[in-house]
Every structure is written in C-alpha cells, then in structure tokens.
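If you want the building blocks of each chain, they are given just below.
There are 2 protein chains.
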Amino acid sequence: MATVENRQVVLERYIEGVPKVTDMAMKIGKIELKAPKGSGAFLVKNLYLSCDPYMRGRMRDFHGSYIPPFVPSQPIEGFGVGKVLDSDNPDFKPGDFISGITGWEEYSLIHNTSQLRKIQPDDAIPLSYHLGLLGFTAYVGFYEICSPKKGEYVFVSAASGAVGQLVGQLAKLHGCYVVGSAGSRQKVDLLKNKLGFDEAFNYKEEADLDAALKRYFPEGIDIYFDNVGGEILDAALLNMRIHGRIAVCGMVSLHSISDPKGIHNLYCVVPKRIKMQGFLQSDYLDKFPEFLEHVTKNFKEGKIVYIEDMNNGLESGPAAFVGLFSGQNIGKQVICVARD
Amino acid sequence: MATVENRQVVLERYIEGVPKVTDMAMKIGKIELKAPKGSGAFLVKNLYLSCDPYMRGRMRDFHGSYIPPFVPSQPIEGFGVGKVLDSDNPDFKPGDFISGITGWEEYSLIHNTSQLRKIQPDDAIPLSYHLGLLGFTAYVGFYEICSPKKGEYVFVSAASGAVGQLVGQLAKLHGCYVVGSAGSRQKVDLLKNKLGFDEAFNYKEEADLDAALKRYFPEGIDIYFDNVGGEILDAALLNMRIHGRIAVCGMVSLHSISDPKGIHNLYCVVPKRIKMQGFLQSDYLDKFPEFLEHVTKNFKEGKIVYIEDMNNGLESGPAAFVGLFSGQNIGKQVICVARD
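Same order as they appear, the protein sequences are chains A and B.
One point on numbering: in the working numbering, the residue at position 126 of the first sequence is 126, and numbering is uninterrupted.
One point on numbering: in the working numbering, the residue at position 174 of the second sequence is 174, and numbering is uninterrupted.
Because the hints were derived from the structure by calculation, they are not lab data.
For glycine and all other residues, C-beta sits at the position ideal for the given N, C-alpha and C.
Treat the hints with care, since some could be wrong.
As the list claims (entries may be wrong) - For the chain A half of the interface with chain B, some residues (derived, Cβ under 7 angstroms), not all of them:
1. Met55
2. Arg58
3. Arg60
4. Tyr66
5. His111
6. Ser114
7. Val269
8. Val270
9. Pro271
10. Arg273
11. Gly278
12. Tyr284
13. Leu285
14. Pro289
15. Leu292
Said to hold, decoys possible - Facing chain B, from chain A, some residues (calculated, C-beta under 7 angstroms):
16. Ile274
17. Lys275
18. Phe279
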C-alpha cells in the first residue's frame with residue numbers, strides 16, 4: 001500500500017477563553033493507507049468534518065470533564081463522515097461509509113468504534129448530513145428533556161445554529177408556537193422564511209431582552225431551549241411560565257467565558273417551579289434509531305429543512321471552527337475535506 | 001358574644017430588600033368573638049404562628065407571583081395553628097384545632113378553608129409541630145425532586161433551618177451520606193450531635209467554599225438541597241456528580257437581594273447532566289397524608305428529631321421574622337401567641 005502525505009489540523013497549545021485561528025496549525029504528516037494486521041483498526045479517508053462548540057472544551061488542559069483534552073501537536077478530533085479504504089475489522093469493509101469520531105486530517109486510522117456508525121448511502125440524504133449527531137442533540141433535548149405538549153410556547157436561542165434549527169422545526173411539527181433568537185437580520189429572515197418559525201428576532205437589536213421576550217411571549221414561555229446561556233437565559237427565566245422547562249445545551253459553557261456578569265434570575269425557578277436540565281446526547285443512544293427514522297422521514301417529505309454552512313478544504317477548518325464563537329456560521333458548520 | 005381587643009401585627013408599607021422590624025407595627029383592633037350567620041366563616045383563637053422566609057415575597061408590591069401581596073395597615077398572614085371559638089361552618093366546630101393560613105393577630109375570622117386542616121390532638125405531638133407544612137416542603141423536595149437512592153451523597157445548606165433539619169434526617173433514614181452547612185458553631189454542633197448529620201460545617205469559617213465541599217465530598221455530590229442560592233450554590237455546582245440533582249427551595253430568592261454577584265457555574269449542568277428544579281409544596285398536596293404518616297411515625301419512634309425556635313408573644317413576631325434573614329433562628333421559627 002502507498003504511503004501518502006496526510007495534511008492535518010493540530011492543536012498548537014492549550015487555550016483559555018475563546019479559540020483563535022492561531023491556536024491551531026496545519027501540519028503535513030505521512031500515513032500508510034493500510035490497517036495493520038491484528039490491530040482491529042481501519043483506515044478512513046475523511047470526507048466531511050463537523051465544527052462543534054463543545055470541541056473548545058477539549059482544547060483546555062482540563063481532565064475532569066466527560067471527554068479528555070486534545071493532545072498538543074496532534075490532530076484535533078471531531079465528528080466526521082469518511083470512507084473506509086482498508087480494514088482489519090470484519091465489521092467495516094473497504095468502500096463502507098462511516099460516521100463517528102475521527103481526526104481533523106485527510107486520513108485517519110481508527111481503533112475506537114464505540115460511537116461509530118456505518119452509513120447506508122441514500123440518494124435523498126447527502127453524506128454530509130450524517131454529521132447530524134447534533135440533530136440528535138436537538139431531538140433528545142426537545143423530546144426527552146422538555147416533554148413538549150401541543151400548543152405550548154417554545155423559545156429557542158441560537159436558533160439558526162446546528163441544534164436550534166432542528167429544535168424549532170421539531171417544535172413546529174409537534175404543534176407548538178415557536179420563536180427563535182439569532183444574531184443577524186439574515187438569520188432572522190432564515191428562521192421566519194425558510195425554517196418555519198412563527199417569529200424570530202435579532203437579539204443584538206434589542207436593548208432590553210426581557211421586554212423583547214414579553215413582546216413575543218405575552219403569555220410566557222413553556223419551553224426554553226437554551227443554546228447560549230448568559231443574558232438571554234437570564235431574560236428567559238423572567239418570562240417562563242409555571243412548570244416551565246429549560247433544556248440547557250452545550251453552548252452555555254461558552255458564555256461562562258465571555259459573560260462575567262453571572263445569572264441573576266435563577267430565583268425564578270422556585271415560584272415558577274421550573275425544571276432546568278443539562279444533557280448530553282450520548283446518554284440517549286438507545287433513541288438514535290427512532291431519531292433517524294423520524295427526522296429522515298420528515299426530511300424526505302420536505303417537512304424538515306436542513307441548513308449547512310459548508311467550507312471547502314481542511315485548511316478552512318480552523319477559521320470555520322473559530323467562527324462559531326462569533327456566530328459566523330449560518331446553519332450547521334461543516335468542513336468538506338474531500339468529496340469522495 | 002363579647003367584643004374584645006385584638007392585637008395585630010400589620011404591614012407598615014411595601015418593602016424592597018431585606019425586611020426590617022420597622023416594616024411592621026403592632027396595632028390594637030377590636031373583634032366580636034363570633035362567626036356571622038350565613039358567612040360560612042369561623043372564628044379562631046390563634047395559638048402558634050410560623051415565621052417563613054417566603055413571607056417576604058408578600059411584603060412587596062408585586063402581583064405577578066403565585067400568591068398576592070399583603071395589604072398595608074392590615075395584619076400580615078402566615079401559616080398558623082388555632083382553636084375554633086365560634087363557627088358558621090358545619091365542618092368546623094368550637095373546640096376544634098386547625099392549621100392553615102391565618103392572620104398575625106390574636107383572633108381571626110377565617111373564610112378561606114382551601115388549605116385548612118383539622119388537627120387531631122395527640123399527646124405525643126405538640127400542637128405547634130403542626131406548623132410543619134415546611135416539613136412537608138422538605139419531604140416533597142427530597143423525595144419528589146431529588147429521587148434519592150441509598151448510599152448517595154447529599155448536601156444540605158441552611159441545614160439547621162426548618163426545612164434543612166428534616167431533609168438531612170430523611171436522607172439519613174434513606175441510607176444516604178449527609179453533610180450540612182450552617183452559619184454558626186452552635187448550629188454545626190446541633191447538626192452533628194443532635195440531628196445525626198454525618199458531617200457539618202460553618203460556611204462563615206470557610207474562605208473557599210469549593211475547597212470545603214471537596215473536603216467533605218471527595219467523591220462529589222449526588223443531591224444538593226439548596227436552601228440559600230448564591231455562593232454556596234455556585235460552589236455546589238462545581239462539586240456535583242454526573243446526573244446530580246439540585247432541589248431549589250424558597251430561600252434562594254433571598255440571596256437575589258443580598259448577592260449581586262450572580263451564579264457563574266451554571267455551565268456545569270451540561271457536562272454533568274444536572275437536573276435543577278424549583279418546587280412548591282402546594283403542588284404535591286396529594287402526598288400530604290403519606291408525609292404525615294411517615295414523619296409522625298418516625299418522630300414517635302424517636303428516629304426524627306424536630307427543633308423549634310419558639311418566641312413568646314405576638315409582639316415578638318416582627319423581630320423573629322426579621323431574624324430569619326440573618327440566620328438568628330435555630331430550627332423552625334415559631335411564635336407562641338397563646339397556649340390554648
């Protein structure tokens with residue numbers, strides 16, 4: 001088998017605060033396009049990589065989290081879609097498409113198959129859409145954490161993002177009234193005109209977030225799907241209805257960097273009997289088949305729209321990842337490493 | 001029937017911030033010791049009154065809460081135990097003892113019987129113990145919100161207070177490891193030597209609450225019963241275990257007055273999948289008989305200790321109530337208006 005160049009995005013050093021492009025570097029390694037005999041591994045050509053905010057957590061020198069940190073000067077890792085080129089694992093054969101944790105590099109030798117899935121190619125579903133584990137986050141958070149009822153009032157922050165766009169659409173399909181917030185007029189247009197939200201607003205244009213929520217939710221909010229934390233969470237707490245539910249999703253951790261003000265309205269959880277719950281999709285993997293069927297079916301019937309922000313080339317990865325933290329992306333941020 | 005003097009504690013004015021003794025005043029009214037024919041009401045001689053932090057919420061000019069504000073120059077109201085002197089309600093007869101919402105005054109004419117209960121006198125249970133609706137708060141919060149399992153690590157703040165003392169004892173009876181925090185050495189002694197907590201500490205002597213919790217919970221906290229909010233909540237968030245539960249009880253609202261720093265560690269709810277839930281006992285009234293049986297039985301068997309801080313005389317009410325907010329009370333704060 002040939003030994004080829006393998007371009008990689010490596011972590012330069014552990015970070016604090018918001019990631020910068022210079023925290024990562026391009027490196028050219030070499031790789032033999034072969035899975036060593038007896039390794040049980042397989043060699044994958046990476047096609048699409050997912051840019052997700054949680055990855056910042058792995059850029060810190062902190063070992064107490066649910067997932068270990070990246071190793072400096074080694075490729076960073078993330079969710080990806082790839083094609084098997086060679087395999088020493090009988091369950092994965094050359095030509096198979098897979099999704100799961102892979103390296104930010106052209107080729108990866110994969111040993112750990114614990115959360116890896118084989119993809120059945122389907123002309124109606126682009127390969128890159130299988131990066132949609134975050135769609136699963138939306139599904140789990142909305143159905144398992146929020147216990148939605150038809151007719152309820154749902155608020156989604158970062159609503160045009162990877163998770164938010166699906167939460168809003170699932171809520172609409174469930175018969176809820178849905179309002180989203182986002183950080184630009186273009187995103188607000190998208191929410192209202194393409195993603196079917198009942199209303200949407202640009203939080204950057206609102207001097208008083210509490211007043212904005214009172215305008216959009218005169219009856220209050222039953223379900224708040226929180227993708228941002230910080231001031232929007234604080235305003236939402238003031239506007240929750242009795243027995244309201246707040247699903248707290250990954251990005252809240254980012255606000256802890258940039259928002260030193262803290263949360264002040266948590267006392268609202270008592271008189272309003274609010275349930276606030278953090279979650280990770282990985283606790284609900286038994287629901288994955290149900291999710292895939294539900295979302296795929298609705299997507300094929302045109303009832304769910306999926307918006308990707310696709311950057312081309314591995315070298316576009318660092319900027320695309322960093323862009324997440326200033327809301328550069330519209331829809332799910334994806335890197336195309338190779339088409340096939 | 002005689003018309004007699006009726007001493008009352010009235011609200012002087014709506015307040016902001018922490019209540020002061022001067023926000024209330026003693027007033028002498030007159031009352032006919034008779035329930036008017038056709039009123040459906042009954043006349044009660046108030047014996048014991050409960051001092052509860054939630055009452056502060058009714059001293060503000062705010063009508064959006066779950067309970068309306070007090071009326072200035074009218075007696076404040078709270079949970080009490082009384083004896084029926086005269087009645088136009090066939091369900092309540094002279095000589096009956098009752099518990100429920102009554103006025104802070106010597107005699108009250110009661111129309112609203114919605115949360116009112118008749119007490120069966122029992123030599124083994126002092127009458128004032130029936131003010132223990134907050135014991136019910138402990139019961140509901142611990143069993144319904146925290147879903148405790150044997151062997152779990154439980155942390156209780158304001159642990160020698162009305163709610164905390166019972167939460168800790170219920171947790172011990174359930175087979176949990178229980179640590180409480182309180183604001184004086186005397187309270188800490190009480191927790192360890194009388195209430196059966198495994199450990200207890202004085203939060204005022206801890207420069208670093210995070211470090212204190214790590215010392216008492218090297219394995220982390222499964223259940224935090226939060227009676228205070230603020231910095232202790234922030235430190236607890238850092239020390240919760242995966243799938244931890246936080247029951248948020250009334251007093252958190254007080255910290256919103258005195259703690260302008262806000263909560264900063266809420267991001268922990270995501271990787272740790274924490275459930276944080278506010279609650280009110282009034283949502284769980286169907287559990288009241290079960291609570292009464294469980295707690296009464298354990299009390300009679302000497303397995304539950306109940307600590308009251310009893311002040312004598314209606315005129316001691318304002319200072320006792322205000323004292324709650326600086327931790328003056330040890331155990332449940334009660335006012336004895338009359339013995340019988």
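Check each numbered hint against the structure and report the violated ones by number, ascending. 1, 2, 3, 5, 6, 12, 13, 14, 15
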